[in-house]
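Chemist: Once you know that position 381 of the sequence shown is 381 in full-length UniProt numbering, the rest is easy, because the numbers rise by one and skip nothing.
Since the hints were made in silico from the structure, they are not lab data.
Glycine included, C-beta positions come from ideal geometry on N, C-alpha and C.
Don't take each hint at face value.
Each pair of labels, with its calculated beta carbon distance range [what the hints assert, rightly or not]:
1) Ser-183 / Glu-375: 52 to 60 Å
2) Pro-284 / Ile-126: 46 to 54 Å
3) Leu-11 / Phe-339: 30 to 38 Å
4) Lys-4 / Leu-65: 20 to 28 Å
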Amino acid sequence: MKQKLVQLIYLIFGDPKKNSLEHRLFNAISLVNGSLNILGSIFEEQTEYSHRVIILNLISGFILLTMYYFSRFRNIYYVLFWPLNLTILVYLSSLWFLHGGSNGGNHYYFIPALVIATILLKNHNIFFIYAFYAFVTGFLYIFEYFYPNFIVPQKDRDAEYMDLGGNYIFVQILTGILIFILSRNLNIERKKSDNLLRNILPESIADELKMNDTVQPKRYDSVTVLFTDMAGFTQIAEKMSPEELVKELHFFFAEFDKIAKKYGLEKIKTIGDAYMAVAGLPTPNHTHARDAVFCGLEFQQFMKKQKEERQKLGLPSWELRLGIHTGSVVAGVIGTEKFAYDIWGDTVNTASRMESSGLAGEVNISLDTFHFVREDFICESRGLIKAKNKGEIEMFLVKEAREA
Numbered sequence: 001m002k003q004k005l006v007q008l009i010y011l012i013f014g015d016p017k018k019n020s021l022e023h024r025l026f027n028a029i030s031l032v033n034g035s036l037n038i039l040g041s042i043f044e045e046q047t048e049y050s051h052r053v054i055i056l057n058l059i060s061g062f063i064l065l066t067m068y069y070f071s072r073f074r075n076i077y078y079v080l081f082w083p084l085n086l087t088i089l090v091y092l093s094s095l096w097f098l099h100g101g102s103n104g105g106n107h108y109y110f111i112p113a114l115v116i117a118t119i120l121l122k123n124h125n126i127f128f129i130y131a132f133y134a135f136v137t138g139f140l141y142i143f144e145y146f147y148p149n150f151i152v153p154q155k156d157r158d159a160e161y162m163d164l165g166g167n168y169i170f171v172q173i174l175t176g177i178l179i180f181i182l183s184r185n186l187n188i189e190r191k192k193s194d195n196l197l198r199n200i201l202p203e204s205i206a207d208e209l210k211m212n213d214t215v216q217p218k219r220y221d222s223v224t225v226l227f228t229d230m231a232g233f234t235q236i237a238e239k240m241s242p243e244e245l246v247k248e249l250h251f252f253f254a255e256f257d258k259i260a261k262k263y264g265l266e267k268i269k270t271i272g273d274a275y276m277a278v279a280g281l282p283t284p285n286h287t288h289a290r291d292a293v294f295c296g297l298e299f300q301q302f303m304k305k306q307k308e309e310r311q312k313l314g315l316p317s318w319e320l321r322l323g324i325h326t327g328s329v330v331a332g333v334i335g336t337e338k339f340a341y342d343i344w345g346d347t348v349n350t351a352s353r354m355e356s357s358g359l360a361g362e363v364n365i366s367l368d369t370f371h372f373v374r375e376d377f378i379c380e381s382r383g384l385i386k387a388k389n390k391g392e393i394e395m396f397l398v399k400e401a402r403e404a
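Turn these sequences into a full structure, and let the hints steer you where they fit.
Modeler: Pasting the structure below:
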């Protein structure tokens, strides 16, 4: 029931994922005010000038509902900022003359009208809008003072007090609702931005960045870096369209993200078909090497399963080279416009060489990582392998986890 109600609200006012806060509020304001104006014309009390009020309500209601239609279903709302505000101001100014002027309580509605204008502000000049509203209300007060005969008075004292009190209470409620909607939506938008920031940066780093606007670089004495690369990527990629290629990489990397999260690794970045993650930061632990190897083995299991399924369908298959190395790194955030959490140090370079010197379908680890995991995994020595710019490095292939 709740889900259906939410879907109905999204249908009427717009989906938060597709429509901005200003757009949704524009839809709500134009629809609600337009509907209330038309309803007001139906229930307007019969007086000497009631026909004018009825015509005013009908015309303004129709205009506001037309704006709602263009905003909600034609996605046109920004250019309607001034038409909406002018419609509201003309309507309120007309009621000022037809409902007892400042004694009728209609002037209270200029407060939520200004709140509405401020909420929908976007790129408009706030000082001009405030000055414009001040000019309109000031003009009405001055005009009433010098030309009171233009104001249609209330028929008696009881009607005046009922109108005044009713308008005052309704404006309080309306202003409160507007502020509630604004604060609630601002909280939603803040959560969305926080979630986006935490998808880019580790949670503790994101919190530090929000508090201090900067992140202090930190040295980690022992972490484990994992690198992967698609074997034969160039040859397969040449046979695919850009859309197909991106879709393929997204499929694999999305699964890598899930596996990395399962074992507590922090994804650092992807570069083309390469994937880089690290265990043991931003929160240090003593199981980082073990976690990284388990993660690497599951990566390869996933890739082998995908290869078997694709070969049955006669589709090109991917294979993964994967390298792991343990050592010290420096981690921090670089950039001011587009933040990026990264790690630096010889450990990163060596992990990259573990990958490039690895074998497709295998988990290739360095001697340093082997020292941490030899009690947990069955490993096969490859001896000394020449690595680019690193000379000869002793490497091992992790075959499987030892039975507990």
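Chemist: Broken hints, numbered, in rising order?
Modeler: none
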